[in-house]
Amino acid sequence: MAFSIRESATEMAVNFANDSDKIAPDEIPTVRFATGARLAARQFLRNPAATSGLVVLALLCLAAIAAPWISHFDPVQIKLSAKLKPPSWEHLLGTDHFGRDVLSRLLYGSRVSLSIGLLVVAFSTSFGVPIGMVAGFMRGHVENGLMRLMDAFLTFPPLLLAVTIVGLLGPDLRNVMLAIGIVQVPVLARIVRACTLSAREEVYVAAASALGASPLRIATRHILRNILSPIVVQLTIGFSAAIIAEASLSFLGLGTQPPNPSWGRDLADARRYMADAPWLFLSPTATIMLAVLSINFIGDGLRDALDPRSWRTRARAASVKG
Amino acid sequence: MDLAKPLLTVEGLAVHFASPRTAFGPAPSPIRAVDGVSFTLARGSTLGLVGESGCGKSTTGYAILQLIRPTAGRVVFDGTDIAALPAKKLRPFRRRMQIIFQDSAASLNPRMPVGDLITEALDIHGLHRGAGRGRRIRQLLDLVGIASHLAERFPHELSGGQAQRIAICRALAVEPELIVCDEAVSALDLSIQAQIVNLLQELQRELGLTYIFISHDLSVVRHISDEVAVMYLGRIVETASRQRIFDAAAHPYSRALLSAVPIPDPDVERARERIILSGDLPSPANPPSGCRFRTRCPVVIEACAAKDPPAKFLAPGHFAACLRV
Amino acid sequence: MALLTVRGLTTSFSTDQGIIRAVNGVSFTLEPGEVLGLVGESGSGKSVTALSIMRLVREPPAKVQAELLDFEGTDLLRADPRTLRDIRGSGIAMIFQDPMRSLNPVLTIGRQLTETLVRHINIDGNAARRRAIELLEMVGIPMAEKHLGSYPHQFSGGMRQRVMIAIALSCNPRLLIADEATTALDVTIQAQIVELVRTLTKNLGTAVIWISHDLGLVAGLCDRVNVMYAGRIVETGPVREVFYRPSHGYTIGLIGCTPRVDRVGTPLKPINGLPPNLMDDTPLCPFLPRCDVAIPACHRVRPELRSFPGGHFANCLADLTSRHAELR
Chain L
1 MAFSIRESAT EMAVNFANDS DKIAPDEIPT VRFATGARLA ARQFLRNPAA TSGLVVLALL
61 CLAAIAAPWI SHFDPVQIKL SAKLKPPSWE HLLGTDHFGR DVLSRLLYGS RVSLSIGLLV
121 VAFSTSFGVP IGMVAGFMRG HVENGLMRLM DAFLTFPPLL LAVTIVGLLG PDLRNVMLAI
181 GIVQVPVLAR IVRACTLSAR EEVYVAAASA LGASPLRIAT RHILRNILSP IVVQLTIGFS
241 AAIIAEASLS FLGLGTQPPN PSWGRDLADA RRYMADAPWL FLSPTATIML AVLSINFIGD
301 GLRDALDPRS WRTRARAASV KG
Chain U
1001 MDLAKPLLTV EGLAVHFASP RTAFGPAPSP IRAVDGVSFT LARGSTLGLV GESGCGKSTT
1061 GYAILQLIRP TAGRVVFDGT DIAALPAKKL RPFRRRMQII FQDSAASLNP RMPVGDLITE
1121 ALDIHGLHRG AGRGRRIRQL LDLVGIASHL AERFPHELSG GQAQRIAICR ALAVEPELIV
1181 CDEAVSALDL SIQAQIVNLL QELQRELGLT YIFISHDLSV VRHISDEVAV MYLGRIVETA
1241 SRQRIFDAAA HPYSRALLSA VPIPDPDVER ARERIILSGD LPSPANPPSG CRFRTRCPVV
1301 IEACAAKDPP AKFLAPGHFA ACLRV
Chain A
2001 MALLTVRGLT TSFSTDQGII RAVNGVSFTL EPGEVLGLVG ESGSGKSVTA LSIMRLVREP
2061 PAKVQAELLD FEGTDLLRAD PRTLRDIRGS GIAMIFQDPM RSLNPVLTIG RQLTETLVRH
2121 INIDGNAARR RAIELLEMVG IPMAEKHLGS YPHQFSGGMR QRVMIAIALS CNPRLLIADE
2181 ATTALDVTIQ AQIVELVRTL TKNLGTAVIW ISHDLGLVAG LCDRVNVMYA GRIVETGPVR
2241 EVFYRPSHGY TIGLIGCTPR VDRVGTPLKP INGLPPNLMD DTPLCPFLPR CDVAIPACHR
2301 VRPELRSFPG GHFANCLADL TSRHAELR
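Residue numbers (our numbering), protein chains in the order written: chain L, 1 to 322; chain U, 1001 to 1325; chain A, 2001 to 2328.
Next up, chain L with everything else stripped away, as it sits in the complex:
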C-alpha cells in the first residue's frame, strides 16, 4: 500500500471539514498519564519475580490486618506454663520465653513494621522529592542552600541519627517513624536533584519551553514523570531500610517497647535462646527476609516496567502515511 502526500494540505483540510459532522467532537481520546501507568502496570505483571514479590507483600499486609482471625492467641498474654515450646499443631511457630505464641507476635508485629515502612516512605517522599526537584530546577543559591542542608544530615551515620532523635523525643512509634524518615529524606533529595538536573537538559524539555510552557508545567508534566523510575526504586529501598531500621532500633530498646510485639523486638529477645529455641530467632528473621526480598523484587520490576521502551500500545505497527 503506497500512500502519497501529493494532495495539498488545503484539499485535505477541506475534505476533512466536509466529514466533520460525521465525527464525534472528542474522537481523539484525551489520553492522560493513566495510559503510561496502565502500560507500566501491564509490563510489571508480566514479570514473574516482581509479581510474586507483590503477591507476597500483599499477603503479609493481609495477614497483618487479619491477625485476630488467623491466630486466636493474645500476643502479649504471658503464660509461663507454655514457655519455649517448639512448633506444634497448637502453636504453629512455637512459643517464646513468656509462653506467648510466636505466630501471633509475628502477625501483630508485622502491623508495626509494615506501617512504619509505609509511613516512612510517605514521609520521605513528601519532603525528599520537592526538595530535590526545587534544588535541581532552580539552581543557584537555592540549590546550594538546600543541598548543603541535606549534606549536613548525611554526615551523620543514619542509625546514630535515628537513635539520637528517638532518644531525645522518646521511644514512641511516631518518633521512630520520624527518625527513620528524616534519615531517608537527604538520600532521596540527592537522587531527585541529580535526576532533575539531567532531565532538564533533555530535548523534549527545550521543546516544551519553546512552546511557552511554564516552569511549573515543565516540572510536573515533563520532568517528574521521567524521573519517577529512580524515585520509585529508591522508595522500595527505603521501605526495606525502614523495616530493618525499626528492627535495629527495637533491638536496641529504642523502638517498640515491651511487651508489644515487633519483628525487631522479638529478634532482640530471641538472642538469649538461640541454642535452646532456634525457632524464636528464625521466625522473625525469615519474616524480615521475606518482606525485604519481596520489596526488592517489586523494586526491580518497577524499574523495568517504568522504562517506556517496554511499553507497547499495539502488537504490530499498522500501515500508515509516511
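Simulated from the structure, these hints should not be mistaken for laboratory data. Cβ atoms here follow ideal geometry from the backbone N, Cα and C, with glycine treated the same way. The hints are all genuine.
Covered stretches of chain U (in silico footprint by chain A; criterion: 3 or more residues with CB under 8 Å from a CB of chain A, positions within the stretch not fixed):
(1) 1182-1191
(2) 1195-1204
(3) 1234-1246
(4) 1251-1259
(5) 1265-1271
Knowing the structure of chain L, use the given hints to seat chains U and A on it.
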C-alpha cells in the same frame, strides 16, 4: 500585519559563553559562538543557514527564539525587539515562533503518548478548548500526514520520519508564523528526508510559514531555501539567493564548501575542481584576528590579518565578507 | 583471481519477535585494487555485510551463513580464530564512522599504531616507532613524532580519522573497508579524508569497499556500486551505469529523492512508505510496498536477476529505460 515589512530583522546578534575558569588566574576569553550576525527575513520565505560544526548556526537559531538569551544584538520580530524583552513578556511571542529539532524522538517526551503532546501545545495557549478540540487535533495530524490512531503511540514506537512529523504537528498546533528547523532532516534516511522536505515546503505554501532552515547539508539547503547564508566561526561570510549561491559564490569559504559537497553524478563529480582546505577549524574561544577564515584560506593576503572584512555588496541580495572579492 | 568472493551471505539474528535477516543472500566479487561502493539507507544491511565478512559479528546471537566467503583463497567461514585474527588488520582492515569510539581513549596514538604493527609484522619496537612516524606523515599529520605521545581526545575529528586510516593501512592490507568513515565529519574535512584515502589506496593498490548512504560520495569514488535494500543487493554495476541507467525501482527512487547542490528547482520525488521490516522474508521484491514503477507481475513472481550491458545487473522486473532521460 504589514506584508511588505520583513517578519524578522536580526542585527548584530551575539552569543558569548563563559569558558569554565580555574580558581586562579584571569578569566579565559569567552566562547564567541555567535559574533555579529545580521539579516532580514521576509514573510513566507525560507532562509537557509549553512555551515560546518562550530559555526554557530544552531546557536543563532536558539538565540533568535530566545531559548538562549543573546549577549548582544537586536532580534526584531514583527516590529518588536524580543531580545530586549524580559522573560515574562515573551509568552505571546512563543506562540508565533517555533522550533523543530534534529533528534525527532528526543524532542518528544518518552513517557507521553504523542497525541498528548499536541494537546499540551493547545492547552498552553488555550486554543480550541472544548468540543472542537478533537476535531482540530485530527486536522493537524492530517496536515502532517499522520493517521490519527498513531496518536496513542509513544515516541519509541514511531519511526524517525513519523516522530518528526509529530514534532512538526506540535509546532503547527500553536499556529506560528516562523519555524526554525534545526537540522530537522539531518538524522533521517534519504527517502524519509525527501518526504519531510516536501512536507515542509507544502506547509509553507498552504499556511504562509516563514522558515529558518539550519543545516550542514548544502544540497538540502539549496533545495529548500530562497536565500542562503553561509556561516563560519560565528559570522555570516556570505549571503546570496539560492540561484547565485552555487553559480556565483564569491567568498573563498563558500566556494570551498560548495566544491566539497558530493554530487550524485559520476561524470560531474569526477570532473569537478576541488578546493581542498588545509588545517582544522580554529577554536571559537580564540578566533584568528582580522578575517577568521584567513588561517585556512587559499587566497589569503597580508591585509586579511589586519581587520575583519565588512560585508561587501556584490549584487542585490548578495553580500560577501571578504577583501579579495 | 578475485580478491574477495561472497556468495549467498546471510546474517540473521534470532529475537523473541522473530528472525531478523539483516543480510539476506548477498553475493558479489571484488577484484584487487577495485573500489566498490555499498550504498543503502539504515537497515539495508550494508554495515552488517562488512562486519559479517570480517566475522566481527557476535555469533550468537547472530548466525552467519554463506555458500562461499573467500578472501585470497582462505575460506573465511570455516577459518579458525587464529587465522581470522591474522587476516584482520593485515589482509582486511576496517575504518569506522566514529573515530572517537574506535580509538582507545587511554592509549597514546603511537601505542595504538605500534601495537598493530608489532602484531602483524615481525619488527622490533624501534623499527615500529619509525614506521609509525612514517605512517602519520603519510596521512598528513604534522609534527608526527611529537604526536606519537598524544591521546585521541587531543585531536579533532578529522585528525582522528587520519590516525584510523594510518592504523588501517599500516600493514598494507589488500582490502580496506570504510564503513560510513566520513559521515561524522564536516564536509570540508570529508573532502580531505576522501582525497587522502583515494590517493593512498591508489598508490598501495588496496581494494576498497566504501559503505555509505551518501550517493554523491560513491559517485565520485567508486568503480562499481552495489545498491542494497532490506538486506539484499537489488542492483549492481559500474558506477556510471547504475547512476545514469538505474534499473531497479529503489535505485531510481533513491536518485530521484536526493537533492543536488548543482540543481535548483527540480522537485524531490520522495519514496513513500516506511523502511522495510527485516523479519519479513518475502519471496517477492522487498521494495514492492513502496515502489511506484511496479508492474502487475511484481505482485506474483520473485524478481529475477536481469543483466544489462557492461556488467550491470538488477533484481527488477520493470523496464525503466524510459525514465533514464530525466536523470541527465
